[in-house]
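Visitor: Here the protein sequences come in this chain order: A and B.
Going by this note's numbering, the letters in the first sequence line up with residues 1 to 247, in that order.
Going by this note's numbering, the letters in the second sequence line up with residues 1 to 247, in that order.
Not one of these hints is a red herring.
Identical copies go unnamed one by one, so any copy, or any two together, can satisfy a pair.
The list that follows gives simulated cross-link-like pairs (lysine-lysine, DSBU-like), each with its CA atoms no further than 30 Å apart:
1. 105 - 168
2. 106 - 212
3. 168 - 106
4. 129 - 106
5. 240 - 202
Read the hints as simulated data drawn from the structure, not as lab findings.
None of these values were measured; they are calculated from a predicted model.
2 protein chains.
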Amino acid sequence: MASVSTAEQQRLRVVLVDVRNPLNIGATARAMSNFGFTHLRVVNPYEVAYREARSAMGGASVLQEAEEFKTLAEAVSDCHLVVGTTGARKRELDQPLERLEQSAKKIRTQLAGGRVALIFGSEKFGLSKEDLTYCHSLLRIPTLEGHASMNLGQSVAVCLYELVRDAKVKAMKRVAPGPPVGAIDRLTDLLIQNLRTCGYIKPLTATSMEHKVRRMIRRLDLSAHDAELLTGMLRQMSWKLRPDDAE
Amino acid sequence: MASVSTAEQQRLRVVLVDVRNPLNIGATARAMSNFGFTHLRVVNPYEVAYREARSAMGGASVLQEAEEFKTLAEAVSDCHLVVGTTGARKRELDQPLERLEQSAKKIRTQLAGGRVALIFGSEKFGLSKEDLTYCHSLLRIPTLEGHASMNLGQSVAVCLYELVRDAKVKAMKRVAPGPPVGAIDRLTDLLIQNLRTCGYIKPLTATSMEHKVRRMIRRLDLSAHDAELLTGMLRQMSWKLRPDDAE
Numbered sequence: 001m002a003s004v005s006t007a008e009q010q011r012l013r014v015v016l017v018d019v020r021n022p023l024n025i026g027a028t029a030r031a032m033s034n035f036g037f038t039h040l041r042v043v044n045p046y047e048v049a050y051r052e053a054r055s056a057m058g059g060a061s062v063l064q065e066a067e068e069f070k071t072l073a074e075a076v077s078d079c080h081l082v083v084g085t086t087g088a089r090k091r092e093l094d095q096p097l098e099r100l101e102q103s104a105k106k107i108r109t110q111l112a113g114g115r116v117a118l119i120f121g122s123e124k125f126g127l128s129k130e131d132l133t134y135c136h137s138l139l140r141i142p143t144l145e146g147h148a149s150m151n152l153g154q155s156v157a158v159c160l161y162e163l164v165r166d167a168k169v170k171a172m173k174r175v176a177p178g179p180p181v182g183a184i185d186r187l188t189d190l191l192i193q194n195l196r197t198c199g200y201i202k203p204l205t206a207t208s209m210e211h212k213v214r215r216m217i218r219r220l221d222l223s224a225h226d227a228e229l230l231t232g233m234l235r236q237m238s239w240k241l242r243p244d245d246a247e
Numbered sequence: 001m002a003s004v005s006t007a008e009q010q011r012l013r014v015v016l017v018d019v020r021n022p023l024n025i026g027a028t029a030r031a032m033s034n035f036g037f038t039h040l041r042v043v044n045p046y047e048v049a050y051r052e053a054r055s056a057m058g059g060a061s062v063l064q065e066a067e068e069f070k071t072l073a074e075a076v077s078d079c080h081l082v083v084g085t086t087g088a089r090k091r092e093l094d095q096p097l098e099r100l101e102q103s104a105k106k107i108r109t110q111l112a113g114g115r116v117a118l119i120f121g122s123e124k125f126g127l128s129k130e131d132l133t134y135c136h137s138l139l140r141i142p143t144l145e146g147h148a149s150m151n152l153g154q155s156v157a158v159c160l161y162e163l164v165r166d167a168k169v170k171a172m173k174r175v176a177p178g179p180p181v182g183a184i185d186r187l188t189d190l191l192i193q194n195l196r197t198c199g200y201i202k203p204l205t206a207t208s209m210e211h212k213v214r215r216m217i218r219r220l221d222l223s224a225h226d227a228e229l230l231t232g233m234l235r236q237m238s239w240k241l242r243p244d245d246a247e
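Please work from the sequences and hints to get the whole structure.
Guide: Here is the structure:
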């Protein structure tokens with residue numbers, strides 16, 4: 001599935017519930033800026049932390065436009081899908097629990113047409129039992145058993161990354177074009193000449209050795225710049241290898 | 001592609017170069033613990049930050065076993081593939097630059113047989129031109145143009161998550177089994193009976209309405225518990241709706 005569009009990203013609400021550490025509020029806003037999400041909602045924050053985070057640098061516009069709510073119910077009332085995050089694995093959950101990879105697919109699908117709230121609980125306790133009753137489903141980041149609890153800012157970044165990652169992305173090629181074939185041939189000929197001079201290529205097996213060298217040079221997949229560089233080096237060596245001819 | 005195995009994860013070296021902030025060293029170690037990576041290497045750290053991070057909580061064993069190096073060359077000398085991370089997009093790069101999604105595929109492939117170093121530069125400057133010469137390739141997390149610079153701890157978490165994420169993961173189903181068909185039928189019959197009593201279902205269209213109700217109940221995909229709960233509610237209502245029969 002392709003990644004979300006900008007219009008779809010505008011439909012996501014990142015909701016922080018009972019968060020206490022200003023660094024985490026700041027880190028959330030920064031990750032949102034990094035990945036192109038804009039709407040942050042904060043429920044019942046520790047006021048000092050919230051003010052401190054707002055005055056700090058990074059992700060500034062996300063924080064300035066953040067909305068504050070007294071209750072989670074109010075914060076998600078205009079959303080069509082509410083997904084909670086949890087480190088839980090075995091504890092009794094009344095909602096379906098999915099891995100992030102799977103949950104993100106549903107969130108992307110829903111974002112095509114409606115608002116989605118992605119909820120993160122407090123650093124110490126996560127989401128409360130009551131908070132969970134507002135969630136249609138829960139997601140967990142695939143962390144290791146026994147090391148499941150992630151830093152809040154890091155878990156926000158991972159979730160948002162999964163929403164924007166593109167499964168179909170192609171490798172970006174080096175921008176610089178390769179060397180023209182003529183340059184590669186000159187390089188190859190110089191190398192072969194040197195190898196002959198120094199006795200590496202022997203008359204009896206010359207042809208097959210020369211083919212080997214030619215194939216090897218092609219495998220190197222040299223840039224134009226590197227081909228030129230290597231040619232210069234080999235030319236210098238050839239002068240040293242055949243001092244008689246050079247006179 | 002499936003995610004990496006534990007043995008493969010042991011072959012990754014996370015390398016921090018010139019890192020200054022103890023919180024970032026700690027956050028790196030914590031993300032490594034979360035996602036099952038163990039080998040941290042630190043190049044030329046600010047000594048105070050390194051000591052402070054080592055004495056802090058979280059990701060403790062990763063930090064205790066971290067190796068310290070004077071130079072990046074030494075830190076990656078036993079690795080078969082060295083991948084640098086960068087927020088750069090357009091600046092002149094001599095290495096191939098790939099998106100994380102693509103680069104992670106190559107890293108996973110290489111981890112099947114050899115050690116891979118994943119390099120993160122300092123908070124302020126990233127990797128230096130010289131650091132980059134030790135990299136076979138560079139990866140960038142797909143952040144937004146103009147908001148490319150990520151928090152170090154968050155970018156480590158995102159990269160490690162991409163390495164362990166499983167593209168083929170299936171939705172985890174609710175563990176509790178659904179209700180037996182008989183329970184669904186009792187529920188449906190009760191609802192139909194109530195709808196008749198209260199005049200919602202009229203004799204002329206009774207059959208088609210009853211079919212509608214039956215299909216709707218099935219669409220709800222109720223758990224056994226919820227089916228029982230709803231049945232109880234409807235039974236209670238039916239007593240109130242038909243006081244004469246109840247006597």
